[in-house]
Amino acid sequence: MTDEFHTMTVLIVEDDALVRMHGVGIFEDAGFRVLDADSADEALVILSDGGKIHLMFSDVDMPGTMDGLALARVVHERWPRIHLLMTSGHHRLRDDDVPGPGRFVPKPWQANGLLDEARALIQA
Amino acid sequence: MSDPDTPAIAAATTIDFEALFETAPCGYLVSDRDGRLVRVNRTFAGWLGVTPDDLRGRRLPDLLTVAGKIFYETHFAPTLRMQGRLDEVALELVAADRRRLPVLVNANTNEGDADADRQVRFAVFLAAGRRGYEQDLLDARDRAQATIVSERADSELREQFIAVLGHDLRNPLASINSGLHLLARETLSARGTKVTELMSGSVLRANALIDNVLDFARGRLGGGITLAYDAHTPLEPMLQQVVSELRSIAPAQSIVTHFALHEPISCDHVRIGQLLSNLLGNALTHGAKDQPVRVDATTSLGELVIAVSNGGTPIPEAVLERLFQPFYRGHDRVRQGLGLGLHIASEIALAHGGTLVARSDAVATTFIFTMPLAN
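If you read the sequences in order, they're chains A and B. For the first sequence, position 44 (counting from the first letter as 1) is numbered 44 according to our numbering, and the numbering increases by one without interruption. For the second sequence, position 359 (counting from the first letter as 1) is numbered 359 according to our numbering, and the numbering increases by one without interruption.
One or more hints might be untrue.
[What the hints assert, rightly or not] Residues on chain B that point at chain A, a partial pick, calculated with CB under 8 Å:
id, residue
1, A174
2, H181
3, Q241
Because the hints were derived from the structure by calculation, they are not lab data. On a predicted model such as this, the values are computed, not experimentally measured, just so you know. C-beta: ideal position from N, C-alpha, C; glycine also.
Kindly produce the complete structure, drawing on both the sequences and the hints.
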């Protein structure tokens with residue numbers, strides 16, 4: 001447990017409930033305030049509420065009108081200050097594939113590896 | 001041969017050529033130099049269901065199918081003009097009742113005569129049986145080819161199916177894995193902790209199996225193994241992680257590691273992790289359970305070397321040679337999975353410009369992966 005991230009808010013977007021809860025757990029343990037959404041559409045509703053969000057952590061493959069990469073492009077366009085961290089078990093993206101100065105972390109996650117990526121993004 | 005027969009033979013040799021021409025067991029046709037039929041025997045006319053007189057003045061191509069007409073004009077007639085003869089040409093006649101009669105035609109010209117008198121003589125043989133036989137052969141060939149094409153399509157479909165299935169199986173596995181992580185954060189009894197650990201190991205094994213099957217199907221579908229090179233991130237944490245994952249699957253067995261990775265290594269970290277996981281999984285499954293499995297990873301002389309060795313009964317030379325073939329499962333059929341692990345490991349080695357070899361003696365069985373540090 002650390003208070004390194006205690007002023008930070010992360011939005012986790014993941015359609016699988018258990019995987020989402022796992023991600024929420026990792027970020028909460030690290031001190032983040034965590035919001036979560038099960039689709040790109042729900043994520044956009046949360047983002048539009050106007051609360052301060054520092055980091056969006058999103059899966060690539062998701063059902064609905066938009067997949068994670070399309071969501072990332074919209075977020076980068078409308079809220080360019082939000083850091084983007086993408087994840088997938090199927091696709092192996094390069095950091096360059098993520099809009100803006102985003103990053104990619106493959107599934108399954110290791111808690112430390114995931115937080116290292118988040119730290120690198122936020123401190124950049 | 002006796003004398004009394006001789007007059008009889010002599011008598012028989014007095015042949016009625018007119019009758020022979022008209023009723024010979026083949027069709028006879030004579031045309032003038034323009035191709036108009038001047039004489040047709042009764043045998044030929046009978047096949048077509050007409051009289052010889054009906055045919056006089058007509059041309060041979062008039063009696064043929066459309067394809068035959070074209071062949072006659074473009075090939076048959078010119079060749080005959082140039083060479084003076086033509087043998088065993090397969091054509092189809094069209095009878096008065098529209099029936100088609102497959103025939104073989106021989107033709108020659110009466111050389112030496114004045115051009116104006118030049119005639120073409122045709123001998124025509126019914127070839128229904130022979131043509132039927134040829135057609136059967138062609139049909140059989142077409143059927144065989146159709147079978148090959150359909151089997152290829154089937155096998156491609158099967159491999160696509162495997163790829164899709166493997167892909168989709170990852171989702172529920174990821175879900176179970178996350179559930180286990182969540183449970184591990186709860187206060188569990190000793191038994192609960194043990195159960196979640198074992199379940200994590202099972203998820204790990206299932207994922208490794210899916211990785212191997214997907215790589216194999218992808219290879220068969222022509223995709224091959226693609227690499228994402230990374231020369232900056234240290235490799236050791238990936239190797240440590242693989243070792244600790246496999247320790248959790250086989251907690252009773254001892255794994256001794258020695259890492260001396262002092263130079264940057266340009267490789268695909270996930271793939272090298274998969275290679276080590278396959279080798280280590282193999283060693284834990286087949287090695288003697290009371291002897292440690294050793295993992296050695298070093299960089300020296302411009303190369304990365306990862307060696308995994310286990311004790312136990314030596315592997316015979318003949319088996320060693322076949323270990324890297326897909327679906328090869330040695331003699332130990334019950335314990336093993338699909339037999340893809342070593343095959344995929346060697347494919348990963350190959351993709352990195354490296355090698356994977358196996359040595360086995362009474363002391364140890366060792367798999368040695370070697371690759372250049374720079375790609």
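**Message:** Check the structure against each numbered hint from earlier and tell me which ones fail, lowest number first.
**Reply:** none
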